[in-house]
Structure formats: C-alpha cells, structure tokens
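One line per chain: the protein sequences are A and B, in this order.
My numbering numbers the first residue of the first sequence as 202 and each following residue consecutively.
My numbering numbers the first residue of the second sequence as 202 and each following residue consecutively.
These are computed hints drawn from the structure, not numbers from a lab.
Since this is a predicted model, take the numbers as computed values, not measurements.
There could be a bad hint or two in this list.
One copy or any two copies: either way a pair holds, since identical chains are not told apart in the list.
Unchecked claim - With a straight-line cut-off of 27 Å between C-alpha atoms, the simulated DSSO-like cross-links for lysine-lysine are:
(1) 290 x 367
(2) 367 x 485
(3) 367 x 575
(4) 601 x 419
(5) 447 x 209
2 protein chains.
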Amino acid sequence: MLRFASRKSEYLPTHFYNIKADLPDLPKPPLNPRTKEALNPSDLEAIFSRGFIQQEIASEREVPIPDEVLEAYSIFRPTPLIYAAGLRKALDTPARIFYKYEGVGPVGSHKTNTAIMQAYLAAREGITTLTTETGAGQWGSALAYAGSKLGIQTKIFMVRSSYRQKPGRRILMEMFGGTVRESPSDTTDAGRRFFAQDPNHPGSLGIAISEAVELAVKSPGMKYSLGSVLDAVLMHQTVIGLEAEKQMAELGAEPDTIVGCVGGGSNFAGISFPFVRRNLRDGKAIRFITVEPESCPTLTRGELRYDCGDSVGMAPLLYMYTLGMDFVPPPIHAGGLRYHGMAPLVSHLVNKGIVEPKACSQEKVFDAARLFLKTEAILPAPESSHAIAAVVDEALAAKKEGKERVILFNLSGHGFLDISAFNGNGSK
Amino acid sequence: MLRFASRKSEYLPTHFYNIKADLPDLPKPPLNPRTKEALNPSDLEAIFSRGFIQQEIASEREVPIPDEVLEAYSIFRPTPLIYAAGLRKALDTPARIFYKYEGVGPVGSHKTNTAIMQAYLAAREGITTLTTETGAGQWGSALAYAGSKLGIQTKIFMVRSSYRQKPGRRILMEMFGGTVRESPSDTTDAGRRFFAQDPNHPGSLGIAISEAVELAVKSPGMKYSLGSVLDAVLMHQTVIGLEAEKQMAELGAEPDTIVGCVGGGSNFAGISFPFVRRNLRDGKAIRFITVEPESCPTLTRGELRYDCGDSVGMAPLLYMYTLGMDFVPPPIHAGGLRYHGMAPLVSHLVNKGIVEPKACSQEKVFDAARLFLKTEAILPAPESSHAIAAVVDEALAAKKEGKERVILFNLSGHGFLDISAFNGNGSK
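From just these sequences and the hints, can you work out the full model?
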C-alpha cells in the first residue's frame with residue numbers, strides 16, 4: 202500500500218462544505234449578550250467583517266472558495282494523507298490507520314485554513330487591520346501569516362505568561378510582520394484594569410480577547426478575528442475533510458471511524474463534517490469520536506446551555522456544552538485545548554448522538570505522542586496527541602475483536618514549537 | 202504545473218550512489234594522526250563499526266541499502282519535491298525553482314538518512330551503544346531517533362551552552378530514549394580537564410567530540426558515530442538526489458543549477474552527487490553551488506591541505522579545505538555551519554572546478570529566510586537559508602538575462618527548533 206496519498210492540486214476543493222444545509226434541525230441560535238434576544242447579524246458588525254458575518258449565517262450547502270484563497274492554500278495544500286504503517290505495526294492491529302497531516306502548513310497547524318479566508322474577507326472590504334488574541338501563539342501566528350499574504354496588518358494580544366515563557370511563536374508572528382503585545386497591556390481600557398494592578402500580571406485568554414475586541418470596536422478600519430468555535434470557522438476547516446475524502450479514495454480505503462481532538466472544535470469539524478454528511482444523507486454509520494483532556498472535559502462533563510463565548514461577557518451567548526465561562530484547567534495541564542466551551546455545531550452533533558465524546562488523561566496522551574514520534578517519525582502537537590491516544594484505543598479494540606477497521610484521524614499540527622510541554626515526559 | 206511531486210514508494214532508491222566510482226582521480230587519502238602515514242582501515246576499528254569502515258572505503262558505484270534501512274526510510278521517505286511557485290512569483294523570475302524538502306524527517310533535517318544506516322551497521326555487529334557529540338542537537342537527535350528504531354542505545358555529549366540555552370532538541374533526544382550529557386562532563390578524561398577548571402564551562406564541539414570518542418574507545422560494545430564529512434556519510438545522503446532525479450522527471454524538469462548549503466558538506470553532497478555524475482559521465486554542464494556563511498568561509502577563503510578532522514587531533518588527518526582546527530566563528534554568527542573543515546569529496550570537486558563555492562552574509566541569509574517563509578510557507582532552518590539566499594541570486598540573475606533556468610536546491614531542514622536564531626530579525 203502507498204504510504205502517502207499524492208498531493209495533486211485537483212484534490213483541493215473549490216467549495217467549503219456547510220453542514221447546516223444537511224442537518225435535519227439546527228442548533229439553537231446565538232443570543233445578544235445584552236438583550237438575551239436572538240442575535241441580529243448586524244449586531245456583529247462592530248466586531249467582525251461583513252463578509253465573515255455572511256459566512257457565519259450562510260445556509261447553502263457549498264460556499265465557494267475564492268480564487269485568491271485557493272491560490273494561498275495551494276502553497277501548502279493539499280496536505281498529505283498518510284498511512285500509519287509504523288504505528289499499525291507497533292500496535293499489531295488489524296485496523297488500518299490513516300491521518301491527515303495539517304502540520305505541513307506554514308505555522309504547523311490547521312489554523313491557517315480559516316485565517317487566510319478571514320484575512321481575504323477583511324481585505325475585500327477595505328479593512329486594514331485584524332486584531333486577535335492568542336495564548337501560546339498558534340492562532341496568532343496563523344493570522345499573522347494570513348495577513349502577510351493578503352495585505353492585512355495584524356495586532357495580536359498574547360497572554361503575558363506565554364509571551365515570556367515561549368518566545369518561539371512570538372518570533373514567528375513577528376517574522377510575518379504581526380505586531381505582538383503582551384496582555385494585559387496598557388493600550389486598552391480592559392488591559393489597563395489589570396495592568397494598573399500589576400504590570401507583570403500573567404494575563405489570560407479572556408483578558409486578551411477583551412483587549413482585541415475593544416481595539417477593533419474602537420478603531421476605524423479594524424475588525425476582530427476568531428480562530429475556532431463559530432460556524433464559519435468550522436466551515437473553512439472542511440477543506441481538510443474534503444481533501445481527505447478524495448485521498449482516501451485514492452488509497453482505496455473507506456473510513457469507519459473518524460477521530461479528532463477538540464478545544465474549540467474546528468479541527469475535528471474540519472476532518473469530520475464532510476463524512477458526517479455520509480451518515481446524514483447516505484445512511485452510512487461512520488463513528489465520530491472527539492477527544493478532549495480529562496482536565497478540560499467540556500463535552501464529557503460539561504453542561505449543554507447558553508454561555509458566554511468569552512470570559513468577560515462581550516461576545517454573543519452560544520448554546521453549547523460548557524464548563525462555565527470562569528473555568529480554568531488545573532496548572533498541571535500542559536496539552537492545550539483549554540477552552541471552557543465548545544463549538545455549537547459540535548455540541549449539537551454530540552447532543553444528537555452522532556458524535557461520541559471521549560476524554561483522555563495527560564499521561565496517556567503523552568504516551569501516545571512518544572509512540573507516534575517513534576513509529577511515525579512526526580512529533581505531534583500536544584493537542585493532536587489527544588486524537589492519537591484515542592486512535593490507539595480503537596486500534597487495540599479492533600485487535601481484541603480481530604476486526605479489520607479503517608480509522609482516519611486529523612493530525613492537526615506538529616509539536617516542534619511546543620516541545621517544552623514534553624520536557625520530563627521523555628525518558629521512559 | 203504540479204506543486205508537489207508525489208511520494209510514491211518506487212522513488213526510494215535501493216542503492217546509495219558512490220561518486221568515487223565515477224571520479225577520474227580520487228581525493229588524497231586520510232592520514233593516521235600519529236604516524237602521518239596513509240590510514241589503514243583497521244586503524245579506525247577502535248572508533249567506528251567495521252560495517253561503517255567498509256562503507257567508507259567502498260569503491261563500487263552502487264552500494265545496496267539494506268531492507269531494514271529501506272523500511273525505516275519509508276516512514277518519511279521519499280521526501281517531497283516541491284515547485285517553488287510562491288518564491289518564483291515574488292521574484293518575478295523566468296527561472297523555475299524546485300526544492301527537495303528534507304525537513305519532513307523525524308528530527309526536521311536530512312541527518313536521519315545517515316543516522317539510520319549507521320545505527321543499522323552497528324546493530325548488525327552486536328554493538329549496543331553509539332556515542333556522538335552534538336552542538337544545538339540536530340545530529341544528536343537524528344542518531345537518537347535512529348537508535349530508537351534499530352535497538353541501539355545512544356549517548357550524546359551536548360555542548361553545555363546549547364544544552365542550557367536550547368532545550369528543545371535535548372527534549373527530543375530524550376523522547377527517543379537517548380542519554381544526553383552536558384559537555385564538558387566529569388565522566389571522561391577529556392571532559393574532566395575542562396570540567397575541573399569550571400563546572401559551568403560552556404563547552405565546544407571539539408571537546409564534545411573528544412568525550413564521545415574517548416567513551417567509545419574505552420567501552421566494550423560501544424562505537425562512535427559521525428554525522429557529516431566522511432565519504433560514507435555523504436554516500437548515505439545520496440538518497441536525496443536519487444529521489445530528486447526521479448521526481449524532477451515526474452515534474453518534467455531537468456535542473457541546470459543545483460544549490461546546497463555546506464557545513465561539513467553532507468546535505469550538499471546528498472542532493473548533488475547523483476547529478477554530478479551526469480557531468481562526469483554524460484557530458485552535461487550542470488552548475489553546482491555550495492553556500493557557506495561569510496563568517497565561516499571554509500571553501501571560499503580556506504586552504505586546501507591536510508588538517509585534523511576534530512579540534513583535538515584524535516581523528517584522522519583529512520585533505521580538505523580548512524580554516525584551521527582552532528577556527529571559531531565570531532559570536533554574532535547564528536546560522537550553524539560552523540565546522541572548520543569540509544568533506545574531502547566536496548573539497549575535491551571544488552578544487553577540480555566542478556563545484557562553485559559561494560559565501561553569504563548573515564543579513565542576506567535571514568532576508569532570504571523571511572522571504573521563503575512568506576512565499577513558500579515553510580520556516581527554513583538557518584543553515585538551509587544559506588542555500589535559499591544563493592537561489593534568490595541565481596533567480597534574479599536569470600531575470601536580468603531573461604533566461605529560463607531550472608534551479609534545484611536542498612531545503613535540508615526546517616527552523617522550528619532553531620527559531621530563536623531569528624529573534625530580533627523578524628519585524629522588517
């Protein structure tokens with residue numbers, strides 16, 4: 202069997218897949234955080250570009266990918282689909298395992314897929330600058346890259362503790378011309394509240410979001426950009442699954458199980474939604490598994506209800522599984538995927554029983570990462586390693602049952618810029 | 202045109218290419234460092250595995266790649282050959298530019314190609330442990346990976362200043378089960394000489410080599426392993442060029458210019474030697490360009506003579522271009538490629554006028570890296586960025602001349618684990 206599905210340009214889709222067109226019923230709509238009424242799209246215009254809002258409320262099944270975006274994608278897409286020969290051998294399993302490797306993108310993760318589209322939509326309507334927040338810098342570096350491609354400036358508020366401890370992604374954002382500020386900063390009202398108390402305040406994603414949204418709302422020509430959770434962001438990520446469909450066909454394999462890690466939900470949505478369509482429309486019975494950290498168990502232990510999308514109540518209320526807007530994972534947790542909520546569309550599919558949620562311990566996740574590194578020769582991101590941990594479980598279950606299974610998962614990124622997370626987890 | 206040449210397994214060669222079989226005359230032989238007489242292969246048996254020594258003196262044109270090594274290669278090989286559409290567009294050049302991307306390997310560089318072969322040769326004759334030195338950790342992590350695949354333990358002496366400043370590759374070596382010691386250590390005579398003076402001695406590659414060689418020579422079941430310079434190491438790297446030949450053919454392109462950066466010479470040899478054969482045997486006139494840092498100008502300003510391969514005089518005397526065994530590049534130099542000498546085979550081809558040496562300034566190299574990152578979406582290693590700088594020159598020269606050229610270069614690795622080198626070089 203081939204190990205790599207070739208990267209033919211015709212595998213790049215021309216349209217995003219909008220799962221909402223195929224869902225028998227839709228998730229409950231977002232609410233305006235002030236009025237608690239169903240959100241009016243125009244409520245969002247102070248924050249987001251109009252083009253992005255249109256994609257967020259789009260109802261057609263196929264949303265065209267503009268030529269300029271396709272050209273930007275073609276630099277690193279189609280990403281390879283790889284047959285996990287080494288992992289399979291190590292597990293001695295009858296299951297065939299495939300993964301889509303999004304780490305070949307410019308910042309080493311899938312985040313660029315939506316960043317490029319969002320920068321394109323902003324540039325088209327004359328927006329000069331996008332603001333955003335970033336923790337360790339994965340999303341920030343994706344947006345900075347996209348900005349450098351599409352002629353959009355980027356202003357990124359980076360959580361101070363990460364800014365100081367993990368300079369790698371900050372350097373990468375700057376190489377792309379992004380402006381990176383430690384958050385809390387003294388440049389916004391929201392930031393000053395904390396900065397005034399303590400200029401060395403470690404910061405939080407919640408504060409950084411507030412700073413980025415405030416700057417966008419107050420500045421002409423600026424809008425805010427978000428890297429996960431929203432319907433449009435998930436839709437942009439479907440390029441992953443659409444490519445994978447064609448590449449799996451080239452390799453002569455049809456998946457019966459699809460696995461992805463979840464933080465906000467976008468990489469899982471990206472690989473799985475085009476295949477969920479097969480269950481919805483064609484009566485297939487593919488299993489879909491989300492994997493989250495036990496220390497941030499949104500889908501496995503959270504509650505399905507309206508909650509704030511951010512930690513300060515400026516963003517719309519979303520109907521989703523949530524641990525509560527004040528949730529903070531314990532400090533021992535190193536593996537990313539720290540968001541308190543979950544994309545409403547992923548929440549909906551879990552609630553409907555189409556997607557099975559699963560949680561894995563950090564130890565199990567790092568064991569899986571080490572095994573993958575040795576057998577597949579790719580250092581997985583700590584986040585993506587959650588998916589690997591579940592794939593190992595599934596592959597071993599298949600072995601027990603003596604069943605030939607076909608498992609596909611999304612290797613959403615590499616771990617080279619996060620290697621410090623593995624420190625002390627190495628020499629086993 | 203396709204952007205990616207597909208990664209079909211039939212592109213993996215079954216034999217290494219030994220350029221010595223096609224050279225009209227050979228480089229002067231290595232000398233025994235004590236007697237200054239031509240080296241007897243058995244002189245090396247205290248240091249290297251017998252299998253490695255046989256490969257070092259091999260004279261046949263094609264040296265078979267064992268099945269076990271091919272299997273290990275197949276995890277990440279063939280590596281992709283990529284058409285540099287973005288770079289070409291940015292330079293507005295009629296030259297078509299292609300690169301072989303070795304960064305997809307497990308430690309992000311080409312070093313694994315020889316590490317796997319050396320670990321295989323050692324395992325075959327019952328050697329339990331390989332020792333080596335490493336600076337920032339590129340070679341050490343490659344050998345640790347290879348050891349983990351082939352059941353060989355690895356003991357790696359890592360220059361203390363790197364050990365403390367750049368933990369990333371140390372963590373990677375440990376994830377592969379390698380034992381990493383700060384050098385100078387108190388575990389060898391050579392190390393103690395410096396450690397006793399100062400337990401925080403920053404170390405040097407020369408001291409680390411001495412420690413690794415001493416440990417191997419004194420310990421039953423242990424041998425030493427080297428990551429560049431020697432004929433056999435260069436030969437192992439020809440898998441790069443052999444794959445590239447077939448992939449270029451798939452893309453319908455024949456290179457007239459081939460470029461690689463040089464430190465010890467192995468990645469340049471890897472991409473170029475199979476094409477040098479075309480000049481030697483088939484009368485082609487392909488240009489070959491090596492690129493080194495202006496601050497370590499071995500081929501452009503060094504002298505061709507016998508010099509020590511290491512910095513303490515334990516290794517054989519090699520006939521090569523050298524800056525002198527005591528040469529240390531100025532502290533401002535950040536881009537790797539610090540070796541004082543050069544592979545005898547590369548030195549020989551430069552001396553014969555077959556290969557053109559070139560040096561680039563650090564500023565120019567970092568400019569090229571930034572351009573490549575933005576246009577090709579891959580963060581190049583600082584080392585590999587030297588090759589990019591020369592490719593940019595060639596592409597612009599082609600534009601001036603209005604000439605359609607076909608340029609191939611080796612992108613020997615990615616820069617994610619070296620991103621700190623770019624710090625402060627970002628926001629231009």
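Verification of the hints:
In this assembly of identical chains, residue 290 and residue 367 lie within 27 Å of each other by CA distance neither inside one copy nor across copies; the values are 35 Å within and 33 Å between. Taking the closest pair of Cα atoms, residue 367 and residue 485 never come within 27 Å of each other, the shortest separation being 44 Å inside a single copy and 50 Å across copies. In the homo-oligomer, the alpha carbons of residue 367 and residue 575 lie at most 27 Å apart both inside one protomer (25 Å) and across protomers (22 Å), since each shortest distance falls under that limit. Proximity of residue 601 and residue 419 under a CA criterion of 27 Å is satisfied in neither setting, with 59 Å inside one chain copy and 48 Å between copies.
With identical chains, the CA atoms of residue 447 and residue 209 are at most 27 Å apart both within one copy (10 Å) and between copies (17 Å).
Checked against the numbered hints given earlier, this structure breaks hints 1, 2, 4; the rest are met.
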